[in-house]
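Each protein sequence line maps, in turn, to chains A, B and C. Counting in numbering that gives the first Met the number 0, the final residue of the first sequence is number 165, and the numbers go up one at a time with none missing. Counting in numbering that gives the first Met the number 0, the final residue of the second sequence is number 395, and the numbers go up one at a time with none missing. Counting in numbering that gives the first Met the number 0, the final residue of the third sequence is number 206, and the numbers go up one at a time with none missing.
Treat the hints as calculated values from the structure; they're not laboratory data. The model shown is predicted, which means the values in this text are computed figures rather than measured ones. Please note that a few of the clues may not be correct.
[What the hints assert, rightly or not] In silico EDC-like cross-links for lysine to aspartate or glutamate, where the CA-CA straight-line distance does not exceed 20 Å: (1) K58/B with E24/C; (2) K86/B with D132/C; (3) K58/B with E11/C; (4) K198/B with D126/A; (5) K86/B with E269/B; (6) K90/B with D132/C.
[As the list claims (entries may be wrong)] Here are a few chain B residues that face chain A, going by a calculated C-beta distance under 10 Å: (7) D99; (8) F140; (9) M142; (10) A144; (11) S145; (12) L148; (13) W155; (14) S156; (15) I163; (16) M167; (17) V170; (18) G171; (19) I174; (20) E177; (21) L181; (22) S195.
Every residue gets a Cβ at the ideal spot worked out from N, C-alpha and C, and that includes glycine.
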Amino acid sequence: MSFVFYLIAALTLAGGLAAVLLRNTVHCALALTVAFAGLALLFLGLDAQFAGFAQILIYIGAVAILVVFAILLTRSSETAQEGVFSKSWFAGLVIAAGVFAVLGWAVLAGARALPLVAAAPTVTVQDIGNALVGRYVLPLEIVALLLTAATIGAVIVALHEKERTR
Amino acid sequence: MAAAPISITLDQIFLLLRDWLVGFLPAGVRPAAGAVLGVIAIVCVFPGLFALTTVFERKGLGRMQNRLGPNRVGPFGFFQPIADGIKALTKEDVIPFRADAAVHFLAPLVLVVAVFMGFAVLPMGRNMVLVDMDAGLLFFFAMGASTELSVFMAGWSSRNKYSILGAMRAVGQMISYEVPLLLSSVSVVMITGSLSLTKIVAAQNQYTGIFPHWYVFTPWGFAAFLMFAIAATAETNRTPFDLPEGESELVAGYFTEYSGFKFALFFLGEYLGMFSISGLGATLFLGGWSAPLSFLSVVPSWIWFFAKVMAAIFVFIWMRGTLPRLRQDQLMNFAWKFVLPFTLLNLVVTALWRFMGEGWARWVVCTAILAGAYVLMGRIEMRRKHFGPRSYRYAE
Amino acid sequence: MLGEGILKGMLETAKNFAGSFVSEERLTTVEYPEQRIPTIENTRVFPFLVYDGPDWQAGMRCVACQICEKECPPKCIYIEKSKDKKPDFVGKMQIYPARFDIDVSVCMSCQICVEVCPFEAIKMDTQFELATDDRFGDLLLDRHELAKSNEYYHSIHPAEAAEVDARLAHEKAVAEAKARAAAEKAAADAAAKAAAAKPEMPAVGGR
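Please put together the full structure from these sequences, using the hints given.
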């Protein structure tokens, strides 16, 4: 189990690092997909089937494709000639370290509260569905509202462009 | 009484065969060996079916155009796929000079692997499913979504304008039609209350008199099946939605720059995609491996599954022999302005069906809503149709 | 109603599918190597050189004028003129092609060479089974391979060949008549000269 975990973790990390360090933007996007796939595998390793497959469906099937589309449509698919580090790399490093510290603190603090050997909870897809439309129905509706607003916004942007060119 | 055991033996013959073979191994590795055997069976059966389908497709298309089709290699031309395979294997593997060699190499592999994964959750007969997952349907769609990436990889890495155009078209089309594909499947999930494909088949494997409880025989199921079929055709890039490949304009689209065995892999991936989506359609709406009439249950269940898949393949070929290719704007309009609203309406109708309870009233109400909406939307679509010269925004 | 046209089309192809099994008349194609459709009169594939009479070298109509070589759009014709001369069908001394090659892998069957030829020497062939395992040597046809008799021309394009023959016969007749007239005139001139010369010989000599 732990060997598989380390293998997947290494794959995910390698994908993430490659996404940051590679010169060709499309290669970066593809490396990012590898990191997504690694995350999905980690979820599956934790017996979270729904989360794992949703990760593949949404992140590889939609987000990665969206990223790739954005790269192609904005003419930034050419390979960078100079270095891959931006000028504000130090600020980025600080922010990344800060986020990592907060997340690490949260995970460690949460882990201390749990018993060391916890019985793995068996969560079926049905339970997730019931929780979504039961206890978490308000967050779900808020997300739905946000997505609808985004969709309408996209439609308006598209309409505007059409009118201008005619 | 004597007939029943034989039919059961035939029904479970592959499982018995697997257990017999695995029986030679030590007890510890038996489950793993059984899974490996299942994988080997899938990896052998479906490419074999692919080979058969290519020759049937060419012969069938020929017949639809009043030709004979290939009939030279072997009896009635049935060894044609062997000749094609040898040709594909011995041809030169050309990689364009400017191509991104690594991505160019990986694309067909990613495609074939992702497509093969989808077969793992399809129940191909009674108890014949490789992995019985709780979220089987979700797994299937997750794997289907991964093929989009391989299409993009192939198109982008070739450094060819036709390839990149084909890839952009393919990805745009697949994203657009994935939404109705998912939503039409969701109606089945709403009624069954499960994402597990075995449970979906089990729910349909009941009979009233001699007639089965297939979802396609309900108003919402029929509508969902039609939308699923349309979306599946688009998802597998088949005619009339074959714009990404459009031989006459894009020279095969995203795999223009592939030759030899890699081209064969793309071809294989495409047909395997057809098989898997047909299998899913059969599982969701046509009762999977269940027999069409109750007394036909004597016939082994896997025969019914494969018969349904091959019937779906025949319809694919039939449509290819009949329909012309759509234009890109027609394709997108059809997806977003007709198929998607109709599937959304169908979800509401499905919920209505679920909560109206047993009785004839729900049949009447659901059929009336769906038929009315279909006629109305058809009228609106037809009325808006205006013929005339097209304006190209970026070409003027 | 939406989808009606699709169903109509599907029905049509279904009819074709079932019908092609039962009625032979529906089939629009033939089984090629065994069955052949007779070629139509104006079939054209690649050019060939016409010769009259039994000997291909002596009867070759081509006079190596090189018009076809210059007009050929893909430049698939290569001609070398001969140093000596041979008589053409009228009997006039003409040069002939010492070398006449057509690369049929380049030829696009446009028939321009045929149209520009003033000597009816190059015509279009109907032979299309030229598959070979040597794509350079065997597809470059030399003058011997290109030479086909006038009888062969008659067998593949009868109407056109008859017309060409009539025209050539007319030309020959005109040429012969002209030659005869010239000969007669020459003879008459000679006779007249002779007749005139006799009495006036001294006068001539005296001039």
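Status of the hints after comparison with the structure:
In summary, the hint linking K58/B to E24/C is supported, as the alpha carbons are separated by about 18 Å, within the 20 Å threshold. Between K86/B and D132/C the alpha-carbon distance is near 18 Å, which keeps this suggested pair within the 20 Å criterion. Of the supplied pair hints, the one linking K58/B and E11/C holds, its CA atoms being roughly 17 Å apart against a limit of 20 Å. The suggested pairing of K198/B with D126/A holds, with an alpha-carbon distance near 16 Å, which does not exceed 20 Å.
The suggested pairing of K86/B with E269/B holds, with an alpha-carbon distance near 19 Å, which does not exceed 20 Å. Proposed proximity of K90/B and D132/C is supported: the alpha carbons are some 17 Å apart, at most 20 Å. Residue-level restraint check for D99/B holds (minimum Cβ-Cβ distance to chain A is 8 Å; threshold 10 Å). Interface hint status for F140/B: upheld, as the beta-carbon distance to the closest one in chain A is roughly 6 Å, under 10 Å.
Evaluation of the M142/B hint against chain A yields a held restraint, the C-beta minimum of about 8 Å falling below 10 Å. Satisfaction of the interface hint for A144/B is found here, the shortest Cβ-Cβ separation to chain A being roughly 2 Å, below the 10 Å cut-off. Proximity of S145/B to chain A holds as hinted, the smallest CB-CB distance being about 5 Å (cut-off 10 Å). Look at L148/B: its Cβ gets to within about 6 Å of chain A, closer than 10 Å, so that hint holds up.
The interface hint given for W155/B holds, since its Cβ lies 6 Å from the closest Cβ of chain A, which is under the 10 Å cut-off. With 10 Å as the threshold, the beta carbon of S156/B comes within range of chain A, its nearest partner Cβ sitting at about 9 Å, so the hint holds. For I163/B, the interface hint holds, since its Cβ comes within 10 Å of a Cβ in chain A; the closest pair sits about 8 Å apart. The interface hint given for M167/B is met, as the beta carbon of that residue sits about 7 Å from the closest beta carbon of chain A, less than 10 Å.
For V170/B, the suggested interface contact is upheld, since its CB lies about 6 Å from the closest CB of chain A, less than 10 Å. Hint status for G171/B relative to chain A: holds, with the closest Cβ pair at about 8 Å, below 10 Å. Interface restraint check for I174/B: the shortest CB-CB distance to chain A comes to about 7 Å, inside 10 Å, so the restraint holds. Restraint check, E177/B versus chain A: the minimum CB separation of about 7 Å is within 10 Å; hint holds.
The criterion of a C-beta within 10 Å of any C-beta in chain A is met by L181/B, whose closest approach is roughly 9 Å, and the hint holds. For S195/B, the shortest C-beta to C-beta distance to chain A is roughly 8 Å, which falls under 10 Å, so the interface hint holds.
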